[in-house]
Amino acid sequence: MPLNTVDPTTLGLRPSECEFARRQAGRELSDLEWAVLSVLWSEHCAYKHSRALLSRLPREGERVLAGPGAGAGVLDIGEGWAVAAKVESHNHPSAVEPLQGAATGIGGIMRDVLSMGARPAAFLDSLRFGMPGTGRTDYLLRGVVAGIAHYGNCVGVPTVGGDLYFHPSYERNPLVNAMCVGFLRHEQLRDSAASGEGNRFLLLGARTGRDGIGGAAFASVTLREDAAEDRPRVQVGDPFLGKLLIEATLEILACEPVVAIQDLGAGGLAGALIEMCAKGGVGAEVWLERVPLRAADLAPAEILLSESQERMLLLLPPASIPAAQATAQRLGIIAAEVGEVRADGEIAVTMGGELLSRLSAAIYAEAPMAPLAPASGNADAPVPAEPQGGDARSALLALLARPNLSSRAGIYGTYDQDVGLRTVVRPGLDAAVLRAAPGAPGVAVAVDQTPRYCERSARIGASLAVCEAARNVAARGAVPIGLTNCLNLGSPERPEAARELVDVVDGIAEAANELGIPVTGGNVSLYNESGGLAIVPTPVIGMIGHLPDPERAIGVGSPIPGMRVLLLGQPADRLAGSEFAELAGVQPAAPAPPDYPALRAVLNLLPAAGAAGEIALAHDVADGGLLVALAEIVLHTGLGVSVNLAEATPRYLFGEPSALFIAVTGDPGAVLLRAAALGVRVKEIGEVTQSAQLVVGMPTEPLWSLERAQLQRAVGRDLL
Amino acid sequence: MIADVVVFPGSNCDFDTLEALRLALPGATLRRQWHGELDLSRSDLCVLPGGFAYGDYLRAGALAARSPALREVRRLIERGGLVLGICNGFQVLVEAGILPGAFQTNDVQHFLCRDVHVRVASSESPFLSGLREGAVLQLPIAHQEGNYRVTPREFEELSSEGRIALQYCGADGEIVPRENPNGSYHSIAGVLGAHGRVLGLMPHPERAAWPEIGRADGLEILRGALSVVAEGGRA
Amino acid sequence: MPNYRAELRIHLRSGVLDPAGEAVQSSLGHLGFAVDRVEVGKLLTVDLSASSPAEAEEALRRMAKELLVNPVLEDYDLEVRAR
Amino acid sequence: MPNYRAELRIHLRSGVLDPAGEAVQSSLGHLGFAVDRVEVGKLLTVDLSASSPAEAEEALRRMAKELLVNPVLEDYDLEVRAR
Ligand SMILES: Nc1ncnc2c1ncn2[C@@H]1O[C@H](COP(=O)(O)OP(=O)(O)O)[C@@H](O)[C@H]1O
Ligand SMILES: [Mg+2]
Numbered sequence: 001m002p003l004n005t006v007d008p009t010t011l012g013l014r015p016s017e018c019e020f021a022r023r024q025a026g027r028e029l030s031d032l033e034w035a036v037l038s039v040l041w042s043e044h045c046a047y048k049h050s051r052a053l054l055s056r057l058p059r060e061g062e063r064v065l066a067g068p069g070a071g072a073g074v075l076d077i078g079e080g081w082a083v084a085a086k087v088e089s090h091n092h093p094s095a096v097e098p099l100q101g102a103a104t105g106i107g108g109i110m111r112d113v114l115s116m117g118a119r120p121a122a123f124l125d126s127l128r129f130g131m132p133g134t135g136r137t138d139y140l141l142r143g144v145v146a147g148i149a150h151y152g153n154c155v156g157v158p159t160v161g162g163d164l165y166f167h168p169s170y171e172r173n174p175l176v177n178a179m180c181v182g183f184l185r186h187e188q189l190r191d192s193a194a195s196g197e198g199n200r201f202l203l204l205g206a207r208t209g210r211d212g213i214g215g216a217a218f219a220s221v222t223l224r225e226d227a228a229e230d231r232p233r234v235q236v237g238d239p240f241l242g243k244l245l246i247e248a249t250l251e252i253l254a255c256e257p258v259v260a261i262q263d264l265g266a267g268g269l270a271g272a273l274i275e276m277c278a279k280g281g282v283g284a285e286v287w288l289e290r291v292p293l294r295a296a297d298l299a300p301a302e303i304l305l306s307e308s309q310e311r312m313l314l315l316l317p318p319a320s321i322p323a324a325q326a327t328a329q330r331l332g333i334i335a336a337e338v339g340e341v342r343a344d345g346e347i348a349v350t351m352g353g354e355l356l357s358r359l360s361a362a363i364y365a366e367a368p369m370a371p372l373a374p375a376s377g378n379a380d381a382p383v384p385a386e387p388q389g390g391d392a393r394s395a396l397l398a399l400l401a402r403p404n405l406s407s408r409a410g411i412y413g414t415y416d417q418d419v420g421l422r423t424v425v426r427p428g429l430d431a432a433v434l435r436a437a438p439g440a441p442g443v444a445v446a447v448d449q450t451p452r453y454c455e456r457s458a459r460i461g462a463s464l465a466v467c468e469a470a471r472n473v474a475a476r477g478a479v480p481i482g483l484t485n486c487l488n489l490g491s492p493e494r495p496e497a498a499r500e501l502v503d504v505v506d507g508i509a510e511a512a513n514e515l516g517i518p519v520t521g522g523n524v525s526l527y528n529e530s531g532g533l534a535i536v537p538t539p540v541i542g543m544i545g546h547l548p549d550p551e552r553a554i555g556v557g558s559p560i561p562g563m564r565v566l567l568l569g570q571p572a573d574r575l576a577g578s579e580f581a582e583l584a585g586v587q588p589a590a591p592a593p594p595d596y597p598a599l600r601a602v603l604n605l606l607p608a609a610g611a612a613g614e615i616a617l618a619h620d621v622a623d624g625g626l627l628v629a630l631a632e633i634v635l636h637t638g639l640g641v642s643v644n645l646a647e648a649t650p651r652y653l654f655g656e657p658s659a660l661f662i663a664v665t666g667d668p669g670a671v672l673l674r675a676a677a678l679g680v681r682v683k684e685i686g687e688v689t690q691s692a693q694l695v696v697g698m699p700t701e702p703l704w705s706l707e708r709a710q711l712q713r714a715v716g717r718d719l720l
Numbered sequence: 001m002i003a004d005v006v007v008f009p010g011s012n013c014d015f016d017t018l019e020a021l022r023l024a025l026p027g028a029t030l031r032r033q034w035h036g037e038l039d040l041s042r043s044d045l046c047v048l049p050g051g052f053a054y055g056d057y058l059r060a061g062a063l064a065a066r067s068p069a070l071r072e073v074r075r076l077i078e079r080g081g082l083v084l085g086i087c088n089g090f091q092v093l094v095e096a097g098i099l100p101g102a103f104q105t106n107d108v109q110h111f112l113c114r115d116v117h118v119r120v121a122s123s124e125s126p127f128l129s130g131l132r133e134g135a136v137l138q139l140p141i142a143h144q145e146g147n148y149r150v151t152p153r154e155f156e157e158l159s160s161e162g163r164i165a166l167q168y169c170g171a172d173g174e175i176v177p178r179e180n181p182n183g184s185y186h187s188i189a190g191v192l193g194a195h196g197r198v199l200g201l202m203p204h205p206e207r208a209a210w211p212e213i214g215r216a217d218g219l220e221i222l223r224g225a226l227s228v229v230a231e232g233g234r235a
Numbered sequence: 001m002p003n004y005r006a007e008l009r010i011h012l013r014s015g016v017l018d019p020a021g022e023a024v025q026s027s028l029g030h031l032g033f034a035v036d037r038v039e040v041g042k043l044l045t046v047d048l049s050a051s052s053p054a055e056a057e058e059a060l061r062r063m064a065k066e067l068l069v070n071p072v073l074e075d076y077d078l079e080v081r082a083r
Numbered sequence: 001m002p003n004y005r006a007e008l009r010i011h012l013r014s015g016v017l018d019p020a021g022e023a024v025q026s027s028l029g030h031l032g033f034a035v036d037r038v039e040v041g042k043l044l045t046v047d048l049s050a051s052s053p054a055e056a057e058e059a060l061r062r063m064a065k066e067l068l069v070n071p072v073l074e075d076y077d078l079e080v081r082a083r
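From first to last, the protein sequence lines are chains A, B, C and D. Numbered per my numbering, the first sequence finishes at 720, counting up by one with no gaps. Numbered per my numbering, the second sequence finishes at 235, counting up by one with no gaps. Numbered per my numbering, the third sequence finishes at 83, counting up by one with no gaps. Numbered per my numbering, the fourth sequence finishes at 83, counting up by one with no gaps.
No lab work stands behind these hints: they were computed from the structure. Incorrect hints may have been included.
Below, a sample of chain D positions facing chain C; criterion: calculated Cβ distance under 8 Å [what the hints assert, rightly or not]:
1. 36
2. 65
3. 67
Sample of chain B residues facing chain C (criterion: CB under 10 Å; computed from the structure) [unchecked claim]:
4. 58
5. 59
6. 62
7. 63
8. 65
9. 100
10. 153
11. 155
12. 159
13. 227
Glycine included, every Cβ here is placed at the ideal spot set by N, Cα and C.
Please take these sequences and the hints and turn them into a complete structure.
Given below as C-alpha cells:
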C-alpha cells in the first residue's frame, strides 16, 4: 500500500487530531487516508464545535418520522403523507461565484430531500448581504438570485419564499441559505444506513470531475482576503441533469428494493459511502476504476473526494442492479456499480484490483470533537430611551423604503413559484402554502431571522426567529409542527463567537420548547468572518406548519370590502430592536424577549378560526411594526384598509411585538368568541374598503391617509 | 379520446399537464410518453409541455425540435390531430418550424413568473372554440425566453388568417405595452398553425385549471380538444 | 483523418432587436465606460475530424443550417483551422 | 477620435463543466454529425471610440475585468480593429 509522504497538518488537520487518528488506526496513515480524513474531519463535515451543543435542541414530537442525523427531517402530515425539509448554507461558494454558488446550493439541498425518498416540491432562500448600493453587493445579490432562479426554475421545483436582509456585517461574508421541502408517502421514506454484505453501491448521475475538490475543507476555513485564489474550486451546477437525477432516483426507488440511499455532498463519494457504512456499522469495498470520470487523469484521492454535483449513491441487492441501470439508461443518466458492502466495518479502496487503503469506517466517521471556550456573560445592551412624537405618516413612508422592508416581489418574480401544481398560496406575505397533491394535506412554509435582533442579543434574536417563523405559518392557519435551522456564525475558536453559538442554540431550544415545536435537523456554517469582521449571529429558521386542508388555508381567497380588521395578540411595549429605532438613530438595544403565553394563545386561535373559514387574511406584525403591516395588507390585496388606532405612541405604531397579528374577518363575532375562550387579546380596529388606500385615525391626531400608489412607490425599490 | 403528453429530458410540466387534462378531459385516455419511444399513431391530442427540454441549451427548444419525436408530431399534424405547445412546447414548435417566428430573452432580461391577462384574439381553433373573441383570461406565465418575434409581414399574414390566438393585455382587455410582460411583438402570447389545430402559447393553462384555489381560466383551453371529438374525431 | 477546430461566430441579424446588448451597454455606462454599441452573440467552438479543411467547413455549414444557427434571428461566420 | 470594433471571445476555463456544450454535441450526434467536442461560449462585439488601438484594447480589458468576463469560470481573447 502507498505510504505516507505528506505532513497531514498541511491539509488542515491539527497535530492532536493526527495523533488521535494514528492511535485509532494503530499505525501511520497513507497520503490517501490523510486526504480523506482531512475532509471528513473538517468542521463542515464533522460538526466538531457544535455537535455536543446541538443535543440541547428538542427533537421529540409525535409527527417526527425522521429527525436530526437524517438527510432531511421528515414529519407526518396525515392521510399517509409526510413532508421532508432541510435548510443548508452555501455561503462561501456564493461569495466567490454568486451565480454558480447559489445554484449548486439549491441543487445540494434538493438532493438531501431526495435522499429521504421524497419528491422535492419547493425551495426557499434566505439571503444576507452588506448594505445595497455598492457595486459588489449589487453584483452578489443579482448573481445569487439569478443562480437560484437558474437552478430552481430549470429543475422544475418552485421557489415559494425566503427572506432577505442587509447588514454591514455581511459585506465580506454574504449568506446564502437554501431550504428544500419535499413530499412523500410514509412507505416511501428511506434511510442511509448501509447493510447486507455483498449489496452493491450504485453511483447515479454526473461523471466525476476535478471540480470542488477540497470544497468542504475550504468551507471550514475563514475566507482569505483574496478569495479569488480559491477560484478553481468553484463548481458549476447542471439543473438539467439535476432534473433527470430526480426522476431516475424516484423511479428506481419505486421499482427496486433499494436498501439505502444518500446524496453526494461535502466529501464526495468518500463522504457519502463512509457515512452510509458508519451508520449501518458495516464496511465497503470501493472500485475506483468503475467511477465514470470527466477527466481521465484523476488521482484516487480526487475520485474519492471530488464534489462534482448531481450525484446520488444507492445501495441495492446485486440482482437488482441491472434493472436499476436500465432505468437510468432509459432516462439518459449514468449509473455505475462502484463497490459493495463488507461485513467487517473496513473501508477498502481499490483501483484496478490493487488495494490502496483499508481503514475502519468508524475512524473516518468519528472525528474528535473540538471544545468550545465561550466568553462568559451576555453582553446585551441596556434599553435606551424612546424617541417621542414625530409624524407617523412620513415615518411609515420612510420605513417602507428601507432596504430591509422594501418589496421582494422583484426577486421572487424571477422564480417559478408554481411548477408542480403544489403552490396554493404564492410568496407575497408571510408563509407560502403547498399541498402534497391536489386534494391532499399540505403545509405552510417560511424562513425567518432578523439580524437586527441578533446583533444585540444572539439568544433573544434566535428565540424571536423561531417565533416569527411560527407566526408566519400561523398567518396561513397552519400549526407549526417542526423546524429546521441553519446556524451561521463566525469562528468558534474566538470566545465571543463561541458564546454566540451557545446563545443561538439556547435561544432556539427555549422557543422550540415553549412552543412545542421539535427541531428536525439543520446545518451549521461557522467561520463566516474575514478581515477581523464577523457576521451578526444568524440562526435561520425554516418552519413547517401543518394544514390538513391547504386549499382552505387562510389567504387562498381574497378579502372583501366591508370585512372587519382585528388585532389579535399583544401590541408592542417598546421600540428596542425595531427598524424604527434604527431609522430614528437610537442606539441599538436588545429587543424584548418573546411573550410566549400570548403567542401560544394566538397560535391556537388562528388554525381553528382559519379551518372554520372565519378569517380571510392574516398577517403578523413584524419588521417595521403595526403601520407597516397594515400598509402591506393594502399593497398585497389591492384593496383599502381604514383603521382607528388606540394609541399614537411610536412604540405602539412601530414597535415590533412577538405575538401580534392583523386579521381580516367577515365574522368578527365568531372570532371574538374564540379569542375569549383561548385568552387571546382582541381588538377591532377597522374595516377593508374598496378604495385602495390606508386611512388611519389616532387619538388626538388628525386622520391621515396614503394611496396604494404612494405606498407602492415607497416599497418599490428595484433590488435587482 | 386519446391525449398524449410528450416528455423530453428536462420537461418539467409533464405531470402538471396530465393532472390538469384529467380534469379537463374526463373519460379521455391520458398517456405520458417518453420522447424516445413516442408513438402518436392513435393520438387525438398531443401536448408538448413546459420545462427546459435538453436544458434549453443553445436556444430554448432548439435541441428538442431536432429530436426524432418531432417526426411523430408532424405526422399527427398531417393527419389533422391536435397539437398544443405550452411555454417550452411553444418554443419547440417554433424551433421546429411548425409555427412561425422565433423567441428571444424577455426584454427585462430575466425569468418572469406571475399572473398575466391575455385576450382571445381569434377563436378559429378547437382550443379556443369555447371562448369568444375578446374574452380576457387570467393565466400564469413562467419563462425566460418568451419574447416572441415575427416580421411585420408575418404579423400581417398571421393577423389576416386569424392565427394570432392570444395577446397580453390589461385586466380590462386593453392591449398596451405596459401590459406586455416580455416584449413580444404586438403582445403576442399565442399563435395558431395553419388550420387552427396547432396552438402554441406562453402562458400555462394547466396551472390555472384549479377552481378550488381560484385559478381556473386555463380549463377552457384544455377542454378545447373535446369540441373536435364531439364533431366526430380527427379530420 | 486530420483534426480541425471550427469557430462559429453567431451574430444577431441586423435589424433584430438586441435587448441583451443594450442591457450590457447600459451597465457599462453605469461603470463609467461610454461605448457606442454592444452586441451579445455566441461563439461555438467545434472540434472535429475531416479529410480536408473544405470538408470540415462544409460539415459545419450543414450543422449551422440544421441546428446551430436560427436563421430567423441569426447570421454567422465561420473559421476552420487545423488543430 | 477614431472608431474601433472590439471582439471579445469568451470561453469557459478548461476543467469547468460545460453542460451546454455536451448537450449540443449529443444533439449533433443524433443528427448524424460526429464531432469530438463542442463548447458554447460568448461573443461580445463592442463599438467604441478611442485615441489609439492600444487605448481601445486597454479599455476593453478593463470592461472585461469589471463586467464582461467572469474570471472564476471564463477566459477570453480580444481583437480590436478600426471600423
Ligand atoms: N429571498 C427571497 N426569496 C423568495 N421570496 C422571498 C425572499 N425574501 C422575501 N420573500 C418573500 O416575500 C414575502 C415578504 O417577505 P417578508 O417581508 O420577509 O415576510 P413577511 O410578509 O412575513 O413580513 C414573503 O412571501 C417571502 O417569502
Ligand atoms: Mg410575517
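Now the hints, each set against the structure:
1. 36: 4 Å, holds
2. 65: 10 Å, violated
3. 67: At about 6 Å, which falls below the 8 Å cut-off, the nearest Cβ of chain C leaves the hint on residue 67(D) intact, so it holds.
4. 58: 7 Å, holds
5. 59: 6 Å, holds
6. 62: 7 Å, holds
7. 63: This interface hint holds because 8 Å falls under the 10 Å limit.
8. 65: Holds - the Cβ of residue 65(B) comes within 10 Å of chain C, reaching about 9 Å at its closest.
9. 100: Holds, about 8 Å.
10. 153: 13 Å, violated
11. 155: 13 Å, violated
12. 159: For residue 159(B), the interface hint is violated, since the closest Cβ of chain C sits about 18 Å away, which is over 10 Å.
13. 227: 32 Å, violated
When the structure is compared with the earlier hints, violations turn up for hints 2, 10, 11, 12, 13 and for no others.
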